[in-house]
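Sequence order for the protein chains is L and B. So for the first sequence, my numbering puts the first residue at 1; every next one is plus one. So for the second sequence, my numbering puts the first residue at 122; every next one is plus one.
I should point out that these hints are in silico values taken from the structure, not numbers from a laboratory. Watch out, some of these pointers could steer you wrong.
[Stated by the list, open to error] Computed list of lysine-lysine pairs in DSSO-like fashion (alpha-carbon distance at most 30 angstroms, straight line):
| no. | chain 1 | residue 1 | chain 2 | residue 2 |
| --- | --- | --- | --- | --- |
| 1 | B | K127 | L | K19 |
| 2 | L | K19 | B | K126 |
| 3 | L | K105 | B | K128 |
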Amino acid sequence: MAKKILIVDDSESIREVVKFTLENEGFEVLVGNDGKDALRFFDGRDLDMLITDLHMPEMNGIELIKEVRLKEEYKRIPILFLTTESQTQKKMEAKEAGATGWIVKPFVPVKLIDAVNKVMR
Amino acid sequence: MENFKKKFIEEALDHINDIEVAILELEKDVTDKALIEKIFRAMHSLKGGGAMFGFEKVSEFTHHLENIYDSIRNGEILVDKLLLELTFKSIDHLKTLFDTDVADEKQINNNQKLLLLELEQFLSDSTVSEKSSTLHNETSKEANNQTLNTYYIKYAPKATIFDTGTNPLF
């Protein structure tokens with residue numbers, strides 16, 4: 001069965017390019033527009049990975065990661081975040097919130113696939 | 122990839138439009154934090170998407186604006202008339218970066234260079250004036266505090282002090 005990955009970003013173009021890349025690799029991809037919108041997917045269903053942007057309206061990525069980690073069923077789901085900043089500050093915050101790793105934007109498809117395969121259980 | 126690019130251009134034009142509307146609102150109340158946050162986020166998306174979809178000039182340009190608006194939302198710089206003017210100019214420039222009818226690449230490049238210089242100048246000027254104003258605040262604070270101060274004075278004369286006829290014990 002295909003592994004399920006949820007991608008959360010407020011930018012449709014980024015969502016689409018990630019979705020396209022991952023579907024090509026045989027993953028099943030779900031999409032959320034921001035943290036708040038993404039929370040509806042954490043309803044007990046099987047999810048194999050979360051990939052989220054950090055800067056988003058409504059609920060940002062760090063808040064989303066914290067919320068997800070509070071849920072017993074998703075305590076161990078691999079979480080990658082997308083970041084454009086080389087700033088260590090945001091990375092530290094996201095790691096502390098419970099993220100597994102990060103992908104720096106801009107990225108080429110192969111870099112995204114590598115990162116996903118690296119943390120997929 | 123072309124389809125994603127097209128989608129990004131649509132989004133980018135929406136962001137630019139959002140910034141324009143927000144700036145017009147900000148002109149009425151330069152302290153509106155929600156508006157500043159909105160502008161910052163739009164700049165951030167333009168920077169990230171620009172880099173992602175091959176619009177390097179957009180990405181480079183918005184990177185500088187993003188930094189300025191980051192300083193503003195952190196309370197390090199205040200919004201003033203010059204900044205509003207520069208942002209309006211920047212919006213016009215961003216529009217030309219997506220306008221395929223504007224063929225004069227050289228003029229666009231020059232315009233970008235000039236605007237980036239102006240933005241840099243603005244950033245260094247506001248940082249300096251901020252420094253001098255904190256300095257000024259500290260001095261005036263010190264002046265206000267000069268009601269009662271305790272000083273520790275250390276006086277250690279050499280033994281030869283008596284040779285000149287001075288009597289420190291007197």
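Each hint tested on the structure:
1. B/K127 with L/K19: holds, 16 angstroms
2. L/K19 with B/K126: Judged against 30 angstroms, a Cα distance of about 15 angstroms means the pair holds.
3. L/K105 with B/K128: holds, 17 angstroms
Checked against the numbered hints above, the structure breaks none of them.
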